[in-house]
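Engineer: Protein chains in written order, with my numbering: chain V, 206 to 693; chain D, 206 to 693.
Worth flagging that the hints you see were computed from the coordinates, not collected in a lab.
It is possible that part of the hints are untrue.
Heads up, the list lumps identical chains together, so a pair's fine if it works in one copy or across two of them.
Stated by the list, open to error - Pairs of lysine to aspartate or glutamate, DMTMM-like flavour, derived with a Cα cap of 25 angstroms:
no., residue 1, residue 2
1, K441, D213
2, K428, E384
3, K506, D391
4, K321, D243
5, K220, D558
6, K399, E365
7, K212, E505
8, K272, D432
9, K441, D494
10, K321, D635
11, K453, D606
12, K399, E290
What follows is each chain in one-letter form.
Number of protein chains: 2
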Amino acid sequence: MNSLLNKDYLNAEYKPVDKTNKSSKILENMDSLFDKLDLKDGAAISFHHHLRNGDFVTNMIMAEIKKRGIKDLTLVQSSIFPCNEPLVPLIEDGTIKNVITSYMSGPVAQAISNGKLKGTLVMQSHGGRARAIMEGSIKIDVAFIASPATDVHGNISATEGSAFCGVLGYAYADSIMAEKKVAITDTILDYESKTEIPSERIDYIVKVDKIGDPNGIISGTTKITKDPVGLRIAQKTVEVMVATGLVKNGMNYQSGAGGVSLAVTKFLGDYMEANEIKGGFASGGVTGDLCDMKNRGLFEKIYDVQCFDLKSAEDIKNDPNHISMSAEKYASPYHDPIVNGLDFVILGATEIDTNFNVNVTTGHDGVIMGGSGGHQDTAYGAKVSIIVSKLFQSRIPLIVDRVGVISTPGETIDVVVTERGVAVNENRKDLLELLKSKGINAMTISELKELQDSIIGKPEKQQEKERRAIGYMEYRDGQVLDVIYEAK
Amino acid sequence: MNSLLNKDYLNAEYKPVDKTNKSSKILENMDSLFDKLDLKDGAAISFHHHLRNGDFVTNMIMAEIKKRGIKDLTLVQSSIFPCNEPLVPLIEDGTIKNVITSYMSGPVAQAISNGKLKGTLVMQSHGGRARAIMEGSIKIDVAFIASPATDVHGNISATEGSAFCGVLGYAYADSIMAEKKVAITDTILDYESKTEIPSERIDYIVKVDKIGDPNGIISGTTKITKDPVGLRIAQKTVEVMVATGLVKNGMNYQSGAGGVSLAVTKFLGDYMEANEIKGGFASGGVTGDLCDMKNRGLFEKIYDVQCFDLKSAEDIKNDPNHISMSAEKYASPYHDPIVNGLDFVILGATEIDTNFNVNVTTGHDGVIMGGSGGHQDTAYGAKVSIIVSKLFQSRIPLIVDRVGVISTPGETIDVVVTERGVAVNENRKDLLELLKSKGINAMTISELKELQDSIIGKPEKQQEKERRAIGYMEYRDGQVLDVIYEAK
């Protein structure tokens, strides 16, 4: 019921206001901030990862928290990078008890795989994170938003300031749902034009020396492969794509940030240019190379949830066809997100099983070195999801009986392209027929596995050791997809 | 607590998904929509007024509701215009029981003033409406969003489609907080660039023939006065503004849409041009004339919650310095909104009392003909709020002992400028001194009233008739500001 319809308005008394006494959100320093926040043991705090491996904010805030002796925190950080190494001792001493993230690499991932986390690890997709926050499955007490710039009211810009990162797509949900929202920035403007997060979502602003190192935005996963085998797989993938008949005007496309995936994007662009094909949109985490393709007219628009490099962050400043989006708009399992409009997504894998379940979370040693990110979301959304990978590397096979951690469920993966053959999911008979009719020798994944095993030999059955569960991989819709175990 | 940390994940079972079975938000027709909505008697439904007097959507939806016999509804419409005349019989027959709005003119206002509403009338400011929706004091079951265009996912654009209105600032809160959100549109695009309301806020899309008449966006209140007395007041107002010392580079400015207020804007622009002053931002409901001033370099930016005419809606399409904003960002009593950055706001009044309380809700006959809109919000926010009005008209006085409805509380009004004199609020001694030092003969409002009464005579004490309360005027922070009575 609408409470304002039930007021005893005839007997209400009005208390005058004082317009000369307006409060500013800008706080003097961290002490004033933590006084206001009154953060308690057991609270959940969130961070985004748009500054990627150049982020200073998470470490800075966690050091303040450690100083104040607050403990048993749940860290809700959209991704964790090697630069977050200073969090390791805070995990070990119980300052951080639980971790909820979509991607992890580096010392924190290693420490958690080694069983250092006292509580639970939950890994999600980018869309699943947004869904969980918006529906309240994750409750955040304080969102600390690394803000390249903000105006005096708290309108946050990602295209101004020295650590501009272009987009803040992963911080939107936090900014709507967290109990308290703090902009941590090194640049306060009078007023700004391109607002990523509007002032009504921000409670406090704290200015610090530097929120990050802009050069750290470029992370190692976003370079095109130079390996000839990888390039051959990429060429083959474009052939498969063309064979589906979907490479045509208006095609919508995304690729992951792995080296082979990026090579597919390049070769696809060459094909489109040669055949005068103009795509609709490209989406995802966005590289400067993808911006070049848009600027050459190969795609009409880019929908961008995260800039992978400075060139991309530069491009979004001025081109209205380079459009920022929230993680929800991008990939939420509800609300028909942008990923549902994709014709293709090109993705990597460390392992895949004969049910097409994909692992991008742990390496062959069982140590966490990644996570779903948008993998789950785009595999579900795209008409054709394609895994590109070498069939084996140093005698370590791609195709296994059981992947270490199911990161993306097999029923959403359509095709696997390797240097030795292409496998099509049996639930996509339409695709199988199509590829065969175009002369592409597609096989079942079991056949591809047999081929693989015939070359490198069947791996010896490892003695299954009892391992301790440390958390789980969540599917984007909230289901438990798989258990994550301590490594070795 | 975070529910996803407490899952029995070791024993959870995963149920595979079907990616070939995605649902679209686009519904076939109104019948499918109302089946989905399952709207019950007593529900609250909301509409925005960006199509102003050219809106077709409210009437169309209410006719569907009437057809289905749903009744006792609370109508949460940001403003109501003469085009909403078809709602009068629905008020009379109890289809609409309560009305919550920020502005009303025309037959609906007349009918409600005549006591036709069975429930309660609540009138709010634009900022107050956003606050009430966001905090849950208004609970909306279904928000029907008149959408100039939407893409297939439900990303709503206000700059494409034939009834483009530029901005949808008053619909943001509804789109976040309503239980169900429906885009009513006449234009469905594959993909669009300039999103006003993102797809994650939209549940359903229904296509209709026409959502409105673009020419109706220009409403009668947004024309500059031609009356020489009005022009004299406007000139005087600019003198007062200059005397405060705040007319300088970086000045932030807003005016209401009344004829004299718009004349102030024009003369201020002339003064700024002649004196090479470049303002910071102009804000508010925005006219094409204001866009011209920006384009001439007199203001750096425009923050726009609503376009008052097609020229303004055209201007925002392409200029990144013409920035759309939500009602919350504009005017919420919390979160340090844009209005708090204003140096000046120029506003109208039908009546003002000797405590500076202003009525813009009812006419001298007690019939509702307006409402606060942003009046309360900007009066509070601006360093100097100025009421511009003739001191009397056809022997009807501006200054009265008690205004019909207090729409904006006196403690937030700083100056009154009339053709016969300027009054300064006694709580602004700083301004009084400043004006006097610049040779402006400012007086108290009691002195100005005496002057007024000495010319037109003291009005005869009317026999106070017992009148029925029909609702109340809410202050932006949620307080009851005044009671609204039935007219005559």
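Engineer: Within a copy, between copies, both or neither: where do K321 and D635 come within 25 angstroms Cα-Cα?
Structural biologist: Close neither inside one copy (47 angstroms) nor across copies (63 angstroms); limit 25 angstroms.
Engineer: Since the copies are identical, ignore which copy is meant and state whether K321 and D243 lie within 25 angstroms (CA to CA) inside a copy, between copies, both or neither.
Structural biologist: Classified as neither: same-chain Cα gap 27 angstroms, cross-chain 51 angstroms, threshold 25 angstroms.
Engineer: How would you label the pair K428, E384 (within, between, both, or neither) given a Cα cut-off of 25 angstroms?
Structural biologist: So K428 and E384 fail the 25 angstroms test inside a copy (38 angstroms) and across (44 angstroms) alike.
Engineer: Since the copies are identical, ignore which copy is meant and state whether K506 and D391 lie within 25 angstroms (CA to CA) inside a copy, between copies, both or neither.
Structural biologist: For K506 and D391, the Cα distance is within 25 angstroms only across copies (23 angstroms; inside one copy 31 angstroms).
Engineer: For the identical chains here, do K441 and D213 meet the 25 angstroms Cα criterion within one copy, between copies, both, or neither?
Structural biologist: neither (73 angstroms within a copy, 43 angstroms between copies)
Engineer: Can you give me the call for K212 and E505, within, between, both or neither, at a CA distance of at most 25 angstroms?
Structural biologist: neither (53 angstroms within a copy, 43 angstroms between copies)
Engineer: Can you tell me if K441 and D494 fall within 25 angstroms by alpha carbon in one copy, between copies, both or neither?
Structural biologist: within (20 angstroms within a copy, 58 angstroms between copies)
Engineer: Within, between, both or neither: how does the pair K399, E290 come out at a Cα-Cα threshold of 25 angstroms?
Structural biologist: neither (33 angstroms within a copy, 39 angstroms between copies)
Engineer: Reference check for the pair K220 and D558, CA-CA at most 25 angstroms: within, between, both, or neither?
Structural biologist: between (68 angstroms within a copy, 18 angstroms between copies)
Engineer: How would you classify K272 and D432 at a CA-CA limit of 25 angstroms: within, between, both, or neither?
Structural biologist: neither (47 angstroms within a copy, 68 angstroms between copies)
Engineer: I want to check one pair: K453 and D606. Are their C-alpha atoms no more than 25 angstroms apart within a copy, between two copies, both, or neither?
Structural biologist: neither (37 angstroms within a copy, 73 angstroms between copies)
Engineer: Have a look at K399 and E365 and pick one of within, between, both or neither, based on CA distance no larger than 25 angstroms.
Structural biologist: Result: close both inside a copy and across copies, 9 angstroms intra and 20 angstroms inter.
Of the hints listed earlier, those the structure fails to meet are numbers 1, 2, 4, 7, 8, 10, 11 and 12, in rising order.
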